[in-house]
Amino acid sequence: MDSEEDDFYSGEAMDDDNDYYNSDDAAADYGVEDDEDDDDGYGFIEEDPDHDDFDNASFRRQQVYFLLNFKNALHFHVLSNSHILWLIGPGVFFLYLVSILTWCLLFQHSYTVLREADIKCQQEDDITKVSTVLSISRVDASILLRHYNWSVSKVHDAWFADEDAVRKSVGFLDKPVVEFSNARELTCGICFDTYSCDKVVSAACGHPFCRACWRGYISATVNDGPGCLMLRCPDPSCCAAVGQDMIDMLASDEDKKKYSRYLLRSYVEDNRKTKWCPAPGCEHAIDFAAGSGNFDVSCLCSYNFCWNCTEEAHRPVDCGTVAKWILKNCAESENMNWILANSKPCPKCKRPIEKNQGCMHMTCSPPCKFEFCWLCLGAWSDHGERTGGFYACNRYETAKQQGDYDETERRREMAKNSLEKYTHYYERWASNQSSRQKALADLHQMQTVHLEKLSDIQCTPESQLKFIIDAWLQIVECRRVLKWTYAYGYYLPEHEHAKRQFFEYLQGEAESGLERLHQCAEKELLQFLNDESQSKEFNDFRTKLAGLTSVTKNYFENLVRALENGLADVDSHAACSKTTNSKYGGGGGASKGKSGRGKGSGKIGGSHDAGR
Amino acid sequence: MQASRARLFKEYKEVQREKSADPDIQLVCDDSNIFKWTALIKGPSETPYEGGVFQLAFAVPEQYPLQPPQVRFLTKIFHPNVHFKTGEICLDILKNAWSPAWTLQSVCRAIIALMAHPEPDSPLNCDSGNLLRSGDIRGFQSMARMYTRLAAMPKKG
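Top line first, the protein sequences correspond to chains A and B.
Final position of the first sequence in full-length UniProt numbering is 612; the numbers increase by one with none missing.
Final position of the second sequence in full-length UniProt numbering is 157; the numbers increase by one with none missing.
Worth double-checking, as some hints may not be accurate.
Below, a list of computed lysine to any residue pairs in the SDA-like style, where the Cα atoms sit at most 25 Å apart [what the hints assert, rightly or not]:
1. B:Lys10 with A:Val178
2. B:Lys95 with A:Pro226
3. B:Lys95 with B:Gly51
4. B:Lys13 with A:Ser196
5. B:Lys155 with B:Thr38
6. A:Lys199 with B:Asp22
7. A:Lys466 with A:Lys523
8. B:Lys10 with A:Lys466
Facing chain A, according to a computed beta carbon distance under 7 Å, are these residues of chain B, among others [to be verified]:
9. Arg7
10. Lys10
11. Pro100
12. Ala101
13. Trp102
14. Gln105
A short list of chain B residues far from chain A (calculated; beta carbon distances all over 12 Å) [as the list claims (entries may be wrong)]:
15. Lys13
16. Leu74
17. Ile93
18. Gly129
19. Asn130
20. Ile137
21. Arg149
No lab work stands behind these hints, which were simulated from the structure alone.
All C-beta atoms in this analysis are idealised placements derived from N, C-alpha and C, irrespective of residue type, glycine included.
Given only the sequences and the hints, what does the whole structure look like? Please build it.
Here's what the structure looks like:
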């Protein structure tokens with residue numbers, strides 16, 4: 001690996017072979033499917049997790065390096081996707097361009113999170129820019145920028161197109177409107193008292209007002225809202241602008257503070273490329289560069305949201321669908337609230353059960369002890385991999401038909417279908433939502449309490465327990481994606497049978513993978529927390545959980561991509577799966593996990609990876 | 001409070017001194033409360049309000065002149081920007097376009113100008129606004145004139 005890396009950094013590796021970087025991640029990509037000959041479902045991980053970290057780190061370095069090269073538009077023949085690094089000869093230049101585009105869409109961070117200091121700094125920079133280019137004072141530059149929604153280029157365009165018109169509309173005066181050169185005393189235009197010349201203050205226009213009246217005037221407008229940023233001379237016929245210099249000179253400390261607060265807020269709110277993070281209490285803003293297809297941004301406060309519609313992050317579903325879905329939930333939520341009251345009767349003993357744990361695997365309390373799936377209320381034993389079955393709970397069609405083969409009954413069912421279809425999807429959407437909330441709470445609990453305890457019991461430094469946090473972060477993210485796939489499923493056209501089938505297959509696989517991960521992180525970990533002393537199995541657990549995390553991560557990434565391109569693979573997946581299968585040969589520790597049902601998973605990421 | 005009282009007192013003295021300066025406006029301060037004023041304004045010529053005398057009531061807030069006074073018609077008037085029942089006036093300078101440099105006198109002048117130039121696009125009196133917007137100038141004028149006669153002119157006999 002070192003030598004490969006050297007080649008890469010030197011930028012001279014023009015191998016004619018399509019050499020690629022084969023990390024264990026790459027091999028893990030398709031491990032999730034394989035359970036037929038591999039009961040524990042994590043067989044591909046046979047490497048030291050530390051080594052794993054190293055690979056990730058170096059991969060990240062490569063990404064950064066690649067980005068630099070890309071920006072300089074060098075003809076640097078290196079390709080990268082999340083798992084594979086290709087060195088491609090000049091002969092496949094076209095492929096190279098296509099891949100770079102894909103790569104940019106998928107991996108380039110097209111946004112920056114701004115702290116308050118950063119916002120201030122950018123604002124000052126913009127003001128400096130305009131002030132130097134137009135040779136005007138910083139205060140005037142600030143007024144001008146505010147007027148043009150903080151777009152430096154718009155200010156420049158407008159100014160150089162017609163400077164006089166801009167000056168007029170913004171309120172920059174060339175010379176005072178009123179002259180009092182020889183007056184000793186002046187009358188304040190607000191309180192009508194007379195003052196000596198040195199006691200009155202005026203804006204560029206020369207309309208005289210005493211300091212007390214200025215202070216009152218500024219205070220009134222500042223307390224009226226952000227309109228104070230467009231402050232003008234108090235004289236009704238005068239349009240002279242009043243800038244921050246006068247505020248600083250005349251206003252009270254409290255008003256000055258409020259004014260600069262509004263100025264800062266204006267920079268974010270009136271600017272078309274920045275928005276506040278919508279998380280409660282968060283004071284960061286996001287600066288978003290247009291031109292990317294992916295609107296999901298992640299704030300420093302760890303809140304993920306869609307920059308386009310500022311709802312929570314909802315990949316792979318588009319903003320329109322999300323808006324429709326949310327509206328629908330509002331309209332029908334009252335109905336749903338009682339239909340989906342938080343309890344369900346145990347399918348065996350009929351006692352009402354409230355779900356308070358994250359995963360769908362429920363165990364009724366003794367003496368019943370019945371294990372069942374929360375979603376379909378079927379026995380959990382039907383859900384395992386050992387039966388060779390799949391996690392069927394997401395299958396609306398099948399669920400409708402299960403245990404109900406009577407034709408007339410089914411026809412009657414059709415009438416109720418509309419509401420029931422919605423109920424089905426909403427229920428699953430909502431239960432993933434609450435699972436996610438629970439997972440977030442668990443993650444917090446883990447970080448604040450359990451990790452330390454576990455570290456003591458297992459005699460392992462906390463830094464080496466990071467894999468548990470990673471697992472929980474992954475669960476939280478997956479629950480979010482899974483949740484939105486139900487909105488996606490609801491709006492997937494009924495008549496596109498192949499797509500629906502494929503979608504439900506993908507969703508089912510994703511769901512069962514996630515359940516496995518969630519179960520492992522939630523239940524299996526418990527046993528180590530209750531251990532008296534160090535346990536030998538802990539290392540196995542580490543391998544298993546880290547493996548499940550990575551497998552699930554890859555699976556969900558592929559799922560998101562498949563849904564985002566509208567399941568375009570449906571018609572062509574047969575061809576693609578061949579390509580993918582042949583590509584992953586020799587993946588070190590991966591061979592075991594990869595061998596089983598590689599074909600099924602090949603459908604998901606197949607065409608994308610093959611395309612790069 | 002003190003500032004507003006001082007300012008109102010200045011306006012009061014100004015009104016006393018220049019009583020005949022503007023024959024169309026007669027501003028009177030309440031005998032016991034300097035924050036309550038009434039005004040009599042003459043309907044502008046060449047409008048349906050010509051010949052009428054309209055009474056306005058001013059309620060001046062303590063933050064005056066930083067906040068605008070509240071003004072309403074006491075005399076019934078048929079005008080798109082005046083509420084037919086309450087006499088409330090929709091005029092920008094009495095709301096967001098207020099400037100502390102305005103005086104009660106200048107507010108009266110602005111109201112007279114509003115009477116001569118109604119803004120049918122932001123009506124408080126929709127019937128009146130609709131007549132103007134649909135181009136029925138004659139209908140509007142006869143209604144306005146009728147109410148001027150009924151409410152704003154001394155009863156004959």
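Evaluated hints:
| no. | hint | result |
| --- | --- | --- |
| 1 | B:Lys10 with A:Val178 | holds, 23 Å |
| 2 | B:Lys95 with A:Pro226 | holds, 17 Å |
| 3 | B:Lys95 with B:Gly51 | violated, 29 Å |
| 4 | B:Lys13 with A:Ser196 | holds, 22 Å |
| 5 | B:Lys155 with B:Thr38 | holds, 21 Å |
| 6 | A:Lys199 with B:Asp22 | violated, 32 Å |
| 7 | A:Lys466 with A:Lys523 | holds, 18 Å |
| 8 | B:Lys10 with A:Lys466 | violated, 75 Å |
| 9 | Arg7 | holds, 5 Å |
| 10 | Lys10 | holds, 4 Å |
| 11 | Pro100 | holds, 4 Å |
| 12 | Ala101 | holds, 5 Å |
| 13 | Trp102 | holds, 6 Å |
| 14 | Gln105 | violated, 12 Å |
| 15 | Lys13 | violated, 9 Å |
| 16 | Leu74 | holds, 26 Å |
| 17 | Ile93 | violated, 7 Å |
| 18 | Gly129 | holds, 26 Å |
| 19 | Asn130 | holds, 31 Å |
| 20 | Ile137 | holds, 30 Å |
| 21 | Arg149 | holds, 34 Å |
Comparing the model with each numbered hint stated earlier shows that hints 3, 6, 8, 14, 15, 17 do not hold.
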